[in-house]
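Q: Sequence:
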Amino acid sequence: MTNRERFIKTLKCEKIGGQVPTFELVFFLTMEAFGKVHPSHRTYHQWNQMSQNERNVHIDDMAELYIDTAKRYGHSAIFIHPNPGGFENTMRLLESIRKKSGDEYYIMMHGDPTWAIPDGNSMFDFSTRMYEEPEALNDDSKRRVEGSLSFARKLDENGHLLDGFALCSDYCFNTNPFFSPDMFDELIGPYLKEVITEYRKMGFYTIKHTDGNIMPIVKQIADCGPDAIHSLDPQGGVSIPEVRKIIGDDIALIGNVNCGLLQTGSDEECRNDILRSLREGMERGYGYIFSTSNCAYTGLPLDRYETMIDIWREYGNYDNMNNNI
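Its first residue numbered 2, the sequence shown is counted upward by one per residue in my numbering.
Simulated from the structure, these hints should not be mistaken for laboratory data.
Treat each hint with caution, since some may be false.
Claimed, not checked - List time: in silico DSSO-like cross-link candidates among lysine-lysine, alpha-carbon distance up to 30 angstroms:
hint, residue 1, residue 2
1, Lys100, Lys246
2, Lys155, Lys202
3, Lys37, Lys13
Unchecked claim - Pairwise CB distance ranges (calculated):
hint, residue 1, residue 2, range
4, Gln53, Ser267, 47 to 55 angstroms
5, Pro242, Met2, 21 to 29 angstroms
6, Thr265, Gly75, 43 to 51 angstroms
C-beta atoms are modelled at their ideal positions from N, C-alpha and C, and glycine is treated no differently.
Please model the entire structure based on the sequences and the hints provided.
A: Below you can see the structure in the form of structure tokens.
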């Protein structure tokens, strides 16, 4: 099977045998690893002045960096950041990755129209609106959902080069969700379920991402029907076995390696946590994708990430997991 096929089977909670799939929602350490700025961090002030050939060179360079990252670290999936954005640039980037790698990798991008935790500058105003103007927020949500679905329809009509969407609106702090269960039902749930349902009708898979303590709302997230939940943040008290008890066996789980330990823990703490994640995630023999509990973010030591991947290569295999972990 290709990496893409293994990833999709895992999203569908089908047994695959062999190596557990892995990927990162974002691998920001490209400068240290490859000597290149990550595509999402590049700025093209003169993009509109460039010839199409110049633009294509930049897009091809971004495509090659995504593929090189996946090859070096054994990733089964690529999360793209079209830069600059827009439909045409997204299509050119997808076409370049597919031309260079065929169907080897599962490709996804952000596509979450639901509300996320607001930043510090807008948190007070947004919180006030949640209680005083929920109808207005829901009207905005309907427009946001239609915008996301309109973009997805265009992708679907132009070759279906994308496999799915990562729904990256964060709902939770490490202590508790920003949106209470009642607020989630009123402001988030209906729109999350709608966008997942409509994406599925077009043939797109969905991975719902949120950091932090999702436990008070994880059943509500699962009831919206994503194919997988990411990132199972242990810094927010999220445990793979506990999530499984709540949501059942039909949704794949992704992540759970403690990013805090990767950054500041001892070598022994990191190793033990990586092995714990593999052991708990692989226990059923299917439906688990190995990754950090956030992403390979700027400031995370590259050697720690590479150690994590080395341990995954050695121990993250279903065929001999009982003897290894």
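Q: Tell me the numbers of any earlier hints that the structure contravenes, in ascending order.
A: 1, 3, 6
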